[in-house]
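Participant: Construct all of the structure, not just a fragment, from the sequences and the given hints.
For the protein sequence lines, the chains are A and B, in the order given. Adding 18 to a residue's 1-based position in the first sequence gives its number in my numbering. Adding 2 to a residue's 1-based position in the second sequence gives its number in my numbering.
No lab work stands behind these hints, which were simulated from the structure alone. Heads up, some of the hints might be wrong.
To be verified - Negatives, chain B to chain A, calculated, CB over 12 Å:
(1) Asp18
(2) Ala40
(3) Val64
(4) His72
(5) Ser95
(6) Leu96
(7) Pro113
(8) Gly140
(9) Leu167
(10) Tyr176
(11) Leu200
(12) Thr214
(13) Gly221
(14) Leu223
To be verified - Which residues of chain B face chain A? A partial, calculated answer using Cβ under 7 Å:
(15) Leu73
(16) Ala75
(17) Phe93
(18) Pro94
(19) Glu100
(20) Gly105
(21) Tyr107
(22) Arg108
We put the CB at the ideal spot given by N, CA and C, even for glycine.
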Amino acid sequence: MDWVGAVVQGILLGGQYALLACGLSLVFGVMRIVNLAHGVLAVAAAYVVLWLTVEVSLPLLLGVVVVVPLFAALGYALQRGLLNRALRQGELSPLLVSFGIGVVLTNLLQETFSADTRSIAIGDLGTAGVSVGPLTVGVFALVTCAAGVGVIAAVQLFLARTRTGRAMRATSDDPETAQLMGIDQRHLYGLATAIAVGTVALAGAFVGMSTQFSPTYGDLVLIFAFEAVIIGGLGSLWGTLWGGLVLGVAQTVGSQLDPAYGVLAGHVVFLLVLLVRPSGLMPRTVTA
Amino acid sequence: MSALLEVAGLDVHHGDLQALHGLELSVSAGETLAVIGANGAGKTTLLRAVAGSLPVSAGRVVLDGEPVEHLPAHQRVALGIALTPEGRRIFPSLDVEENLLVGAYRARRGPWDLASVYDLFPLVSDRRARSGAHLSGGEQQAVAIGRALMSNPRLLLLDEVSLGLAPVVVGEIYAALPRIVERGTTVLVVEQDLDQALGCADRVQCLLEGRTVLEGPAGSLSRDDVTAAYFGI
Numbered sequence: 019m020d021w022v023g024a025v026v027q028g029i030l031l032g033g034q035y036a037l038l039a040c041g042l043s044l045v046f047g048v049m050r051i052v053n054l055a056h057g058v059l060a061v062a063a064a065y066v067v068l069w070l071t072v073e074v075s076l077p078l079l080l081g082v083v084v085v086v087p088l089f090a091a092l093g094y095a096l097q098r099g100l101l102n103r104a105l106r107q108g109e110l111s112p113l114l115v116s117f118g119i120g121v122v123l124t125n126l127l128q129e130t131f132s133a134d135t136r137s138i139a140i141g142d143l144g145t146a147g148v149s150v151g152p153l154t155v156g157v158f159a160l161v162t163c164a165a166g167v168g169v170i171a172a173v174q175l176f177l178a179r180t181r182t183g184r185a186m187r188a189t190s191d192d193p194e195t196a197q198l199m200g201i202d203q204r205h206l207y208g209l210a211t212a213i214a215v216g217t218v219a220l221a222g223a224f225v226g227m228s229t230q231f232s233p234t235y236g237d238l239v240l241i242f243a244f245e246a247v248i249i250g251g252l253g254s255l256w257g258t259l260w261g262g263l264v265l266g267v268a269q270t271v272g273s274q275l276d277p278a279y280g281v282l283a284g285h286v287v288f289l290l291v292l293l294v295r296p297s298g299l300m301p302r303t304v305t306a
Numbered sequence: 003m004s005a006l007l008e009v010a011g012l013d014v015h016h017g018d019l020q021a022l023h024g025l026e027l028s029v030s031a032g033e034t035l036a037v038i039g040a041n042g043a044g045k046t047t048l049l050r051a052v053a054g055s056l057p058v059s060a061g062r063v064v065l066d067g068e069p070v071e072h073l074p075a076h077q078r079v080a081l082g083i084a085l086t087p088e089g090r091r092i093f094p095s096l097d098v099e100e101n102l103l104v105g106a107y108r109a110r111r112g113p114w115d116l117a118s119v120y121d122l123f124p125l126v127s128d129r130r131a132r133s134g135a136h137l138s139g140g141e142q143q144a145v146a147i148g149r150a151l152m153s154n155p156r157l158l159l160l161d162e163v164s165l166g167l168a169p170v171v172v173g174e175i176y177a178a179l180p181r182i183v184e185r186g187t188t189v190l191v192v193e194q195d196l197d198q199a200l201g202c203a204d205r206v207q208c209l210l211e212g213r214t215v216l217e218g219p220a221g222s223l224s225r226d227d228v229t230a231a232y233f234g235i
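Facilitator: Spelled out as structure tokens, the structure:
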């Protein structure tokens, strides 16, 4: 019963990881950029939600609704202003630029909000549970997981069915030929990063509600998101969902063995996947 | 006749190497021009410079009176220039129909849509659900031309249609050309195969090492003249 519970908790946690990793996976799939600022952006979004709810006294839901388009716009600006320029300098530049953005943002958060750990208050939602058979499952964890699955499905649907999504996949295949189709890749890359940063802002809000965070918490977020992407297979969003679930279950089952082993178990599974199936569980299904 | 495409004094460099030397070229609306020449004559470079994939060092590219040489490739598509690139460059992770739809990303108004492209190339229609990664050379070429047509170009640039294809397949694809022209598209084709070039074009321009060495109506040029110009004898 405890083991079943651990697996269920792991799946719910995995939904949160998938939500965190979705944007990282998309940006890599479309542009081959590994965005090292991804985790800090999530934490920054958590701080903005905290500020909106505490200082501006917005209702929590409204704070989240505001932060997602705000960060999407920030993502578009980052891509058009910095990363597109870096992309022209070769493959290493965007990596370094995103690393720089991450460092600057972390320090900015420390200056503004101090290094103290904070948390976004969600009241009764944090302790509410529903009974599923013999198990009691947290309502908030269920909501988070549903958001993760929903966001990944929505982005996948966008890529598969819409005109802009098709153009993104074409650009991912062959940017030069895509330009010959009338596609402006600078704008398209901006849109991809807008989606990525918008979704990671939502993920960051959930992280902020579920745990204590500080400005440097982004490092851990980045590692978990990165592991989910690699376990699932680079460039595949469904793979990222599976990767998140595998990582979540590995961590909760590890914790069940010994509370100190949770995070470690996740890393071990990540390394095992790299050893046994370096291309991941579901490599390159859609986003090239 | 007004010139739809006017290329004047065009210089293009690949690094230190100059690929085109002050090239002059003009295509009238409704006309089909074949640019021929051996490997390295600058034919593909010319098409890429007109489409905007390559920067020009000097000279002008004018589409229907409007200079376009400073515009990026994606904006030239909106003005009516479409290129089927060398090597076809089908998007491998998209299926055939999606490839065609991407071609219509910035489509102008005109006669070409999925239905008319499928009508032109029944072969493509049969393969519409197939992945772009699993097409034969002929299928790729037909999809590439259909994809370019989806933008309803005024000027269609065809690069090396016959390259690497069986003669039967080349014949089938060239058979579609008159139907493209009669719907109002002007065609500039680059070709190594002399027979195909002389057969499909109204006019032929032969390049050698980045310069024009022979030019004239396809009917008026003798094969010997063309061969001599082609090899620079």
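Participant: A separate judgement is required for each hint: does it hold in the structure or not?
Facilitator: A quick look at each hint next to the structure:
no. : hint   : result
1   : Asp18  : holds, 21 Å
2   : Ala40  : holds, 25 Å
3   : Val64  : holds, 19 Å
4   : His72  : holds, 15 Å
5   : Ser95  : violated, 5 Å
6   : Leu96  : violated, 6 Å
7   : Pro113 : holds, 18 Å
8   : Gly140 : holds, 19 Å
9   : Leu167 : holds, 19 Å
10  : Tyr176 : holds, 22 Å
11  : Leu200 : holds, 28 Å
12  : Thr214 : holds, 25 Å
13  : Gly221 : holds, 32 Å
14  : Leu223 : holds, 31 Å
15  : Leu73  : violated, 11 Å
16  : Ala75  : holds, 4 Å
17  : Phe93  : holds, 4 Å
18  : Pro94  : holds, 6 Å
19  : Glu100 : holds, 6 Å
20  : Gly105 : holds, 6 Å
21  : Tyr107 : holds, 5 Å
22  : Arg108 : holds, 3 Å
The structure fails hints 5, 6 and 15 (numbered hints given earlier, in ascending order).
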